[in-house]
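Let the sequences and hints guide you as you build the complete structure.
Everything in the sequence shown is counted per the working numbering, starting at 83 for the first residue and increasing by one.
It is worth saying that the hints were derived from the structure and are not from the lab.
Ideal placement from N, C-alpha and C gives every residue a C-beta, glycine not left out.
Each hint should be verified, as a subset may be incorrect.
[Unchecked claim] Computed beta-carbon distance windows for the label pairs:
| # | residue 1 | residue 2 | range |
| --- | --- | --- | --- |
| 1 | L123 | T291 | 28 to 34 Å |
| 2 | D287 | I183 | 38 to 44 Å |
| 3 | R229 | S201 | 50 to 56 Å |
| 4 | Q288 | L127 | 26 to 32 Å |
| 5 | E162 | Y115 | 50 to 56 Å |
[Claimed, not checked] List of simulated lysine-lysine pairs, DSBU-like, C-alpha gap at most 30 Å:
| # | residue 1 | residue 2 |
| --- | --- | --- |
| 6 | K113 | K289 |
| 7 | K289 | K84 |
| 8 | K84 | K173 |
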Amino acid sequence: MKVHKEGTGLLLSLFTFLFVVNLTLYYTVGKGYLFSISLSLSVALFLLALNFFRSPFRRFPYDSEGLVIAPADGVVVAIEEVMENEYFHEKRLQISIFMSIFNVHANWFPVNGAVSHVSHQPGRFRAAYLPKSSTENERSTIVITTRHNVDVLARQIAGALARRVVTYARVGESCHVDEQMGFIKFGSRVDLFLPAGTEVLVEMDQKVTGNQTPVARLHKINYDYSAPL
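Here it is as structure tokens:
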């Protein structure tokens, strides 16, 4: 399993710190009970961090045209029509995916197209599964315009533990569902805002996999699920 580039520096620093702590304990207290506990906790902590920053190689196995693909691993925590007041200023279908610290935290583009808007809003660090986190938390907004001129908004939202949202998208660049859109460090959430009337392909509390699970089908486009690439 590949380590994501966003985690290499942190993992190196964490390994160095834990190594120094345990080496110091070894030479001061020896191979005693305290050293054994410290070593066990250090290994568990490092493996947890290593698991968090894993970066699996994925490719969507079918023709993604007309589909909205899950931009992140996690659980669907919201499917509802809401007023989107930061960019569209109209009603949109919102589908939200909550990521725990055990999920892959790389984010993929949900549709193919061109990036037409990127912005960052400072904010609070509420628990990411709460509805208000979508409008009150630190967040980045990315809008992708498909070749059928459908605008899809993806919003990366920081959580109670997430303190940094990394966005790779740049205005004017073309994008594809197999490309990473960004990364959110620690527990967080990604919201999708789609045209009202979009067909939903997932259910509440369903587990989804980033770049693998179709979550919606845009209403203007017909799609044949039996036609792989």
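query: Is it true that the C-beta distance of E162 to Y115 lies inside 50 to 56 Å, as the hint says?
result: This hint holds: roughly 53 Å between Cβ atoms.
field: Hint consistency between K84 and K173 [alpha-carbon to alpha-carbon, up to 30 Å]
entry: violated (40 Å)
field: Hinted pair K289 and K84, Cα distance within 30 Å
entry: It holds: about 23 Å lies between the C-alpha atoms, which stays within 30 Å.
query: When you take the CB atoms of L123 and T291, is the distance between them in 28 to 34 Å?
result: holds (31 Å)
query: Between K113 and K289, is the straight-line Cα distance small enough, at 30 Å or below?
result: violated (44 Å)
task: Take the C-beta atom of R229 and the C-beta atom of S201, compute their distance, and say whether it sits inside 50 to 56 Å.
output: violated (23 Å)
query: For the pair D287 and I183, does the Cβ-Cβ distance stay inside 38 to 44 Å?
result: With Cβ atoms ~18 Å apart, the hint is violated.
query: Is 26 to 32 Å a correct range for the gap between the Cβ atoms of Q288 and L127?
result: holds (31 Å)
When held up to the earlier numbered hints, the structure conflicts with 2, 3, 6, 8 and fits the remainder.
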